[in-house]
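Using the hints, position chain D against chain Z.
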Amino acid sequence: MVSIRSIPSTPGSLTYHDLPWIIEHREERCTLCGRCTSICPTECLHLTYRRHRMPQLDILRKKRGSEFRTFTGIRQSTNLTHRCTGCGMCSMVCPNEAIGPVPNANSNRALFHSHQKGEAWKRGGRRNSQVSLLDQISFNRISMLTDPALDAGRHEFDLNTLLGRVLPPEEYLRRQASGEWIPPVREIFPFVIGSMSFGALSPNMWLGLLQGVAYCNEVLNIPVVMCTGEGGCPPWVLRSPFLKYLVLQIASGYFGWDEIIRAIPEMQCDPAAIEIKYGQGAKPGDGGLLMWFKVSQLIARLRGVPAGVDLPSPPVHQTLYSIEESVMKMIQTLSMAWNFRVPVYPKISASNSAKAVLNNLVRNPYASGLLIDGIDGGTGAAYNVSMDTTGHPIASNLRECYLDLVAQGKQNEIPIFAAGGVGKNGNVTQNGMAMIMLGASGVHIGKYILQAAAGCLGNEKNRCNVCNLGICPKGITSQNPKLYRRLDPDQVAQRVADVFMGIRTEMKKIMAPLGRSQNLPIGMSDALGIGDKDAADRLKIRYVC
Amino acid sequence: MCRLAMKTAAEPFSPYSVLQAMEAMREGYDGSGLGLLLRGVNFADFNYQSNDPILSGIAHSEAALHRLNDLMQTKGFTLKYDHEFVVKPEMLEARDRHKYFLRVYKQPDAWATWDKERVEHELMLNRLDLRENGIKNNGDLTVFAFWPDVAIIKEVGWPLVVGDALGLSDDRITSRICMAQGRQNTNYGINLYACHPFFIQGIGTMTNGENTAFVPIKEYLSGLNLPGYVGYQSDSEVFAHILHYVIRQLKLPLETYKHVITPLKTSELANHPQGEFLLGLRNVCRRLIIDGPNCIMGSLPDETSILAMDTKKMRPATIGGKPGEWAMASEMCGVDAMIPDRDKSLDFQPMRENTVIVPAHRKEYIIWSQFDPYPLPQAA
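Residue numbers (this note's numbering), protein chains in the order written: chain Z, 1 to 545; chain D, 1 to 380.
Chain Z extracted, bound-state conformation (with noise of 0.2 Å):
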């Protein structure tokens, strides 16, 4: 049968009100200035002539009519290649205020024709789940009845934690009397910036950010250490003073490695630790997937490829046989390239198997930590089938982790590190606090990182989230340099030391009603309570309510 070509209409047919953001636009103040065309990540709003009806009525004549109006108008754009992604740049250039997206309160049909070309979806950005467990639990231990309160501003707090293998007493005093190796450990601060690779970000970014922790380090005193993800880093870090607070990523592309290696003999210090990513809590059995629209002539020379082209990860690493093989293997080898120095340490993602990795580590001499990444955890790009739904959420596969090690006399042995999902709704120090007390040594934040010391616009409504396209409003975390020209390093590197003089700040406040200043309350369960039972049954934890 022969369709009727007459109707607009077509299955992918989309108008304005089925997307998942509106534009709204007061046409009244709208200047036609053209700054939110120009600034539009995704070049949804396009101008467009318009025709308005002028009623007429002359009563002399007794004569009715219209006349017609020609206008300039703004719309947006129904092509869902460049739908709106709710950003809000136009609004931010608006000189005046008359125009900007809203969320659609209606169901959003867009999302039934996200699948395009062929492709499924793939976005950058988080799960957009605003549910978070950890903002429910509340510490509920305090001491001012039973123990004079801790002044949070006066007393002095030891805030700092381990990343490092930590010998059982017996075993580090037969070794000290033998002269044997004693691993590698680092007192760091708690919060670490998580693994975002020099090519997901971009270069004011990094820099940016490495400028803000080596001042945290160097005038604040806070001992914050970040990780550099896939992708290596710039040579002349890797030769700097600056390495040491740079804990070094190799997964499962090993993109950077060369480079890495090559410098070993030039270093001036030892990085803060190596990470060895097996998975992570955005895209677990993923790897990562640069797309070549991000691989910049210097992304390209950084990690030995040639520029312009897809670098999608291996979802595991190549020598992966088993686990155990694969992990004992690795963690050998790159401690062997740091003659035992540098703490090395695998990261996956949260899952119910984490344990049975856990307890390898536990017999591996060299293993140096664990980080565990829940399923909120945050990418630059991946299959957002992957994003929402693949997965296991952070807080009882860390607690079922902890207590495994606890059982066995073993706690904080193998220091367990925490990430997805800490601060995704605004309240980093507290969710990482809970991780803490839950039996974490430290969390990794990355997307908090983003928005607090950036300004990423990205949040759990699904709002922009291209970080995977180079199209980044802000510069993030694009390799574009009319973008991330838009981004001054300093004023990030001032907004990374504000942050964490604000975390410090914040740990001291929940930690002094605690009667807690000497050491870092890890796996102080007994201060944690939560307004769920069943959550509490499972996290081993106090309900309150």
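No lab work stands behind these hints: they were computed from the structure.
Any given hint could turn out to be false.
Claimed, not checked - No more than 30 Å apart at the CA atoms, straight line, and that leaves these computed lysine-lysine pairs for DSS-like:
id	chain 1	residue 1	chain 2	residue 2
1	Z	K410	D	K265
2	Z	K540	D	K136
3	Z	K509	D	K313
Chain D only, in chain Z's frame:
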């Protein structure tokens, strides 16, 4: 808040004198219980040989007492002396105390060939057996200690009243060390096992204040699966077990205790002569760092006594006395009550880095600082 009083003297004295010091410190405290640890024990009615183990505890029923007798007989212990308390039950709050016992046993003949460590291990296992037996039988048998030269008494009530009720003023029991603590653990519910002083293999400690890092420390000690690291009805029990762990498991000098529970800061260790060793020790013993506020008093099998505080020093204590006789208390008036005729210029309140050690000779006390060189050759 608990009151602590401890006296150590070359000549045995009555525990009642320490209870009077508790009374002097009565202001501002609820006096809900009494725990007494006597070391270097003398019985007026019995010529005690200090190698024989003393079993301290309470049988709450006649059946429990019979069971205890049977158990001890089965294990091969011979009863040498059973101290009869002159009890005035009407003065006690508790109504189910059938018999307080302090019994001296002769250890089984088979043990004669065993080395000291094995004997001490067996003594602990026997105590744990008896304790377990009591718990299984609805708590009708409570055992505080089974160790040579150590007697422990614990009861609910006002300390001096408990002392009167048990006739402790009659000088039939005296000792060279007496540790007294005056409060049941009201933070975690009344339970005789929650009462200080805590004891394990000759090591006894008592504490005031609250150990806010209790749960992670308890979890670590329990996870070691060493016999004896059980109980934890009180957050303060871990102090005794940490001291035991440092001295008996790690076999480190007494001075290490303070380095384990309240290690120096990284910047301080950087300037310490054995800083590198101590930093490593801090890292591996990090799970045993206490967070206070606590004052800790303890005594060891060789009659050494110690006094230390947590880093914040919000539970101060004073030591004072004269050669041959020293007293420590959480309140200065407690020291005054125990040794009034002393030179007060010798009084000392330890700072956060100090451990006060009174050696067995009791001629003087030693103020040891964490900043001092650490006395272990392997750390050099």
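Okay, the hints, checked on the actual structure:
1. K410/Z - K265/D: Holds. K410/Z to K265/D sits at ~24 Å (cutoff 30 Å).
2. K540/Z - K136/D: 26 Å, holds
3. K509/Z - K313/D: 20 Å, holds
In summary, this structure violates none of the numbered hints.
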